[in-house]
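Start from the sequences and build out the full structure, keeping to the hints where you can.
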Amino acid sequence: MRLEYFQMVDRILDLDPAGRIIRMEGDVPEQSPIFEGHFPGHPILPGVLMIETIAQTGGWLVLATLRFAAMPFLLQVEKAKMRSFVSPGQRLETTARLIHDGSGYAVVEGSIASGGKKVCDAEIRYRVVPFPNDTLRGQMLETARRIGVAEEYFAHA
Amino acid sequence: MSSTFETVAGIIADTCDIESDTIKAESHAINDLGIDSLDFLDVAYAIDKAFGIKMPMEQWTQEVNDGKATTDEYFVLGNLCRHIDALVAAKSG
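Those protein sequence lines, which keep their order, are chains A and B. With my numbering applied, the first sequence corresponds to residues -16 to 140, in that order. With my numbering applied, the second sequence corresponds to residues 254 to 346, in that order.
Taking lysine-lysine and the DSSO-like style, the derived pairs with C-alpha atoms no more than 27 Å apart in a straight line are:
#1 B/K307 x B/K277
#2 B/K302 x B/K344
#3 A/K62 x B/K307
#4 A/K62 x A/K100
#5 B/K302 x A/K64
#6 B/K302 x A/K62
#7 B/K321 x B/K344
#8 B/K344 x B/K307
Just so you know, the hints here were simulated from the structure itself, not pulled from any lab data.
Below, the structure written as structure tokens:
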């Protein structure tokens, strides 16, 4: 994970658009300027970044489901619970399930676990719209390759 | 069994915190009830779930933007319920 760049997904473990599920892994860095402020003497991953991690994980599932034909943007967070502190160096496994593929929007349920213990869960809703430009689309495809999204899901790219 | 309108009105009342008495078949969701786009997405999600359908909101929005339909066609609740009934019938047919 590179927190300052909002890179919350290191690698895809499983991606199954037909089964509407994704699992990914990410390693919380040992060092980050974020930990200097959150909090001095007690560095923990901010809860908003846990939510962002679920949102990005579910976002990759939505992108793969749509074969990169449109981009999901975070719209709404429901029932978010931060259940435990997350410290520098912890490995996180995030799972997201697509529970509704609406017209122009999508809904996922996601959770983060570390060491077999659930640390966060939330329902995320996205507005799904055409990519605003080729720069973003190209960058998303590049990132998709880096984290291990299979090329078969790039059909509309 | 509740009518389509009763179900939709209940969803709107619960989702948007609007008094049930003010929700009529002739009410326009935006102009009369003041539902904004984010709240309407909540309503759409609840309707999709309640009726087991996928309201084609992108298509409807495109029709309005292209001047092929007015917002009344999709946002006046009586009309919206008619479209929902058609989607339910198409699904079961």
